[in-house]
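The listed protein sequences correspond, in order, to chains W and F. According to our numbering, the stretch in the first sequence is residues 1 to 502, in order. According to our numbering, the stretch in the second sequence is residues 1 to 502, in order.
Incorrect hints may appear among the rest.
Said to hold, decoys possible - For the chain W half of the interface with chain F, some residues (derived, Cβ under 10 Å), not all of them:
{"no.": "1", "residue": "18"}
{"no.": "2", "residue": "25"}
{"no.": "3", "residue": "28"}
{"no.": "4", "residue": "36"}
{"no.": "5", "residue": "38"}
{"no.": "6", "residue": "41"}
{"no.": "7", "residue": "46"}
{"no.": "8", "residue": "218"}
{"no.": "9", "residue": "221"}
{"no.": "10", "residue": "241"}
{"no.": "11", "residue": "242"}
{"no.": "12", "residue": "279"}
Hints are computed from structural coordinates only; laboratory data are not their basis. Glycine included, every Cβ here is placed at the ideal spot set by N, Cα and C.
There are 2 protein chains.
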Amino acid sequence: MQEKLQELKRHLLEISDLSSAYAVLNWDQSTYMPPQGATYRSRQQALLVRLAQERAVNPAIGRLLDDLRPHEESLPYEHDDAALIRVARRNYELAIKVPPAFVGRLVEHAGNTYVAWTQARPANDFKGIAPMLEKTLDLSREYAQHFPHDHLADPLIDQSDFGMKTEDIRRIFAELRRELVPIVQAISDQEPLDDSVLRRHYPKQPQLDFAYELAKAFGYDPQRGRLDLTAHPFMTKFSPGDVRITARVKEDDLGDALFSVLHEAGHALYELGIDTAYDGTPLNGGTSAGVHESQSRLWENVVGRSRGFWEHTYGDLQKVFPDQLGDVPLDVFYRAINKVQPSLIRTDADEVTYNLHVMIRFDLELDLLDGKLSIRDLPEAWHSRYQSDLGVRAPSDVDGALQDVHWYGGVIGGAFQGYTLGNIISLQFYEAALKANPHIPTEIAQGKFDTLRTWLTENVYSHGSKFTTADLLERVTGGPLTIAPYIRYLRSKYGELYSLPN
Amino acid sequence: MQEKLQELKRHLLEISDLSSAYAVLNWDQSTYMPPQGATYRSRQQALLVRLAQERAVNPAIGRLLDDLRPHEESLPYEHDDAALIRVARRNYELAIKVPPAFVGRLVEHAGNTYVAWTQARPANDFKGIAPMLEKTLDLSREYAQHFPHDHLADPLIDQSDFGMKTEDIRRIFAELRRELVPIVQAISDQEPLDDSVLRRHYPKQPQLDFAYELAKAFGYDPQRGRLDLTAHPFMTKFSPGDVRITARVKEDDLGDALFSVLHEAGHALYELGIDTAYDGTPLNGGTSAGVHESQSRLWENVVGRSRGFWEHTYGDLQKVFPDQLGDVPLDVFYRAINKVQPSLIRTDADEVTYNLHVMIRFDLELDLLDGKLSIRDLPEAWHSRYQSDLGVRAPSDVDGALQDVHWYGGVIGGAFQGYTLGNIISLQFYEAALKANPHIPTEIAQGKFDTLRTWLTENVYSHGSKFTTADLLERVTGGPLTIAPYIRYLRSKYGELYSLPN
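All chains should be built: construct the whole structure from the sequences, respecting the hints.
And the structure:
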């Protein structure tokens with residue numbers, strides 16, 4: 001049995017290393033690649049993807065998984081070997097259900113559509129790209145049809161948030177919406193907080209240096225990572241010894257680089273905390289988009305935008321920017337970074353309104369998949385939902401239906417729910433951490449993060465993909481997904497900044 | 001036939017793209033990879049090497065090459081298709097002669113020995129690494145035995161300088177030696193030139209910026225390349241649209257970054273000048289170590305250390321370093337960058353003594369392969385040759401037998417001759433270029449390089465690996481390799497700086 005397991009691991013290692021090599025090429029493309037390298041690079045990336053896919057559907061893996069079933073069933077659910085076989089089987093069965101030729105078409109179309117989007121968005125040309133997006137919708141539907149489902153979106157959601165159903169998410173989002181709308185409404189009726197101090201002139205390098213220092217204070221290890229500049233911030237993992245983050249920096253927006261670095265550092269802490277014994281296996285990665293986002297949002301928002309954190313940190317920031325912040329009291333700064341205001345751009349949205357952006361996209365995805373909405377009518381549906389949900393309307397499709405890359409570089413369906421699941425889960429985990437270690441907020445206010453990070457590593461990070469989102473929630477909180485902790489958090493934090501209804 | 005050719009090209013493209021992906025991982029390892037990424041990265045690189053090797057010996061390629069033989073023979077030698085089939089066949093036959101398991105052992109041993117060398121060199125521990133080097137020597141001999149040869153070194157030389165025989169190189173080196181020794185002797189008897197102006201304090205960034213500007217003036221295109229810092233400078237190609245160079249910079253040595261950037265830019269101009277139609281085929285690379293080095297040395301030395309070049313450029317350099325060079329006349333600077341002095345380090349050697357360093361290594365390689373010299377006695381043999389040939393002796397093995405990476409990261413044999421062949425060839429090509437365009441030196445003295453680069457592109461670069469070194473020399477100069485132009489050049493240039501014997 002051990003021999004079969006070793007053989008399975010050899011297959012999985014090759015898939016893992018090919019994916020890592022792909023990730024390096026991808027990182028390089030986003031950071032340092034000269035412009036003329038682009039077309040050749042896409043071809044090289046496509047080869048690595050194809051080689052990994054070929055290996056992922058190798059029938060030898062199927063046979064090994066069959067042979068290993070008795071071994072798996074003889075072990076407890078949480079045994080590493082059982083988890084490895086379980087997750088490898090899940091991936092294998094997912095991979096073989098879709099014909100390789102179809103995957104090829106999908107990947108190629110996604111690549112072409114992404115390139116077209118990079119031109120269509122600045123040109124505000126939704127009409128031009130609409131035929132490609134129609135094909136994406138067709139392909140997304142066709143993809144989903146290969147899998148059993150209650151709703152067509154289920155298999156697409158499964159890709160990033162395994163085990164979550166469309167109906168579950170609809171229900172949770174409806175609950176959350178009922179809570180959020182009156183809060184947003186109440187805040188919108190009040191005098192807006194002043195965040196103009198963030199718009200002063202902040203030179204780039206000190207911003208980046210300061211943000212990187214904070215990431216390192218959280219526990220991000222420069223021996224196992226680095227920070228580079230890209231158009232859109234991201235985290236990427238090449239191995240347990242190499243988990244990188246990227247940032248974007250604006251001289252007239254202090255919050256942009258600062259909080260995106262803390263966000264990506266949160267993702268990185270998760271990946272760096274995974275048991276290194278899982279290296280080269282499908283357990284060596286965060287378990288779902290929702291849990292991953294729970295960690296980026298926890299470190300960015302729950303820690304990084306908390307009053308306690310800045311009580312300790314603000315003096316250091318003032319020393320870096322004495323001309324810009326020397327005359328700005330902590331409270332003014334704290335209010336500025338927590339200003340709530342309905343806006344157009346998801347990634348710039350505050351903690352309270354952010355989820356409304358996600359819900360709009362989630363609903364539009366379902367309507368598109370259901371055939372209730374056509375691609376042609378998507379831009380207007382977008383505007384009308386922003387008008388009704390947030391009271392704002394983008395001047396064009398640039399910040400409307402063309403805003404996010406997701407639909408233009410992948411499939412339509414399952415792309416966005418993880419962001420809001422992450423917000424919800426972050427507070428479930430944080431409350432559990434506080435229950436175990438009530439002094440965590442005190443430590444944060446002293447610039448110490450070890451207790452929190454160690455608790456998260458033990459209870460969440462180290463497990464990698466061993467447990468599903470639902471498993472983790474059950475183990476950590478003793479129950480299923482629930483919005484209560486998140487709502488408690490929003491009400492407590494923003495109740496102090498604004499007058500909120502009961 | 002066209003279908004078979006397309007099929008062959010598909011096979012070759014995959015090998016090429018896997019090698020390019022490997023090169024990206026390698027570049028990243030040398031530039032930006034965090035320290036803890038190292039072990040995992042080696043494993044990922046080994047996978048890509050193995051996948052490329054597996055494809056290189058695919059019997060389907062052999063069958064296609066057989067089927068395509070009539071097509072090849074129906075075409076003129078210089079037809080692109082004929083060249084493609086010819087070079088693909090050469091590579092295939094080279095690859096299949098060596099059992100894959102042996103290649104695996106060789107690559108693994110080379111990797112381990114390289115890592116050991118990175119520790120042994122700073123520790124001056126030749127004894128510690130000697131057993132590994134003995135194994136390298138055994139493996140090098142075993143490797144060579146797989147190929148027909150007059151001398152064991154022939155197959156090893158073939159790897160980098162296809163078509164050159166040990167005896168040819170011995171003869172050429174002996175001729176060159178006869179010319180060089182009296183020149184070096186005469187110069188050594190004279191008052192040394194003063195190069196102390198190069199040792200003033202030069203901040204790093206302006207050095208790099210200035211060197212990069214010169215590379216761009218030569219024709220290096222930042223849309224298709226970039227400059228980064230590494231411990232040892234190199235050029236690497238990922239595609240016709242992405243050819244990168246690296247540099248090292250020292251604040252107390254103005255020449256180091258400057259001339260190594262021009263050197264690597266020369267390599268890059270060669271690669272960037274190759275017909276883009278050869279992309280993805282084995283024609284898409286410089287044809288040999290010797291011709292490649294001819295281009296790095298041509299741009300670094302023949303152009304970059306010429307008086308005319310600095311007549312135009314020196315004023316700009318003075319503007320960048322007014323405190324360091326404002327009081328230094330052009331002639332003093334020119335003499336400093338062309339100072340001849342027997343020394344210990346090959347890569348720092350001047351144009352005249354450089355080849356003596358190469359010949360020592362070449363002779364030692366032959367003696368090792370012939371069994372006339374044991375690894376145990378290598379350090380003393382090194383010292384004794386340096387004493388007799390250059391009149392200097394390294395204080396330890398750090399700058400002796402441990403100096404160059406080549407033997408510690410590959411095989412013993414064929415590693416060094418290309419450097420001196422390059423020096424010789426650079427002047428054969430340059431004389432041919434001057435014959436066709438006598439105004440090239442005038443243009444260089446005006447900071448213009450288009451005529452020279454265009455001529456080199458048309459006559460050398462564009463052909464990639466289509467022609468062998470001997471083919472190129474015949475086409476460009478109408479004859480074989482000859483040291484006469486190189487000796488004329490050295491005598492003319494250094495006869496002006498020193499008093500030389502007739």
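Hint-by-hint comparison with the structure:
no.: 1; hint: 18; result: holds, 7 Å
no.: 2; hint: 25; result: holds, 6 Å
no.: 3; hint: 28; result: holds, 6 Å
no.: 4; hint: 36; result: holds, 3 Å
no.: 5; hint: 38; result: holds, 7 Å
no.: 6; hint: 41; result: holds, 7 Å
no.: 7; hint: 46; result: holds, 9 Å
no.: 8; hint: 218; result: violated, 17 Å
no.: 9; hint: 221; result: holds, 8 Å
no.: 10; hint: 241; result: holds, 3 Å
no.: 11; hint: 242; result: holds, 3 Å
no.: 12; hint: 279; result: holds, 7 Å
The structure fails to meet hint 8 from the earlier list, while all remaining hints are met.
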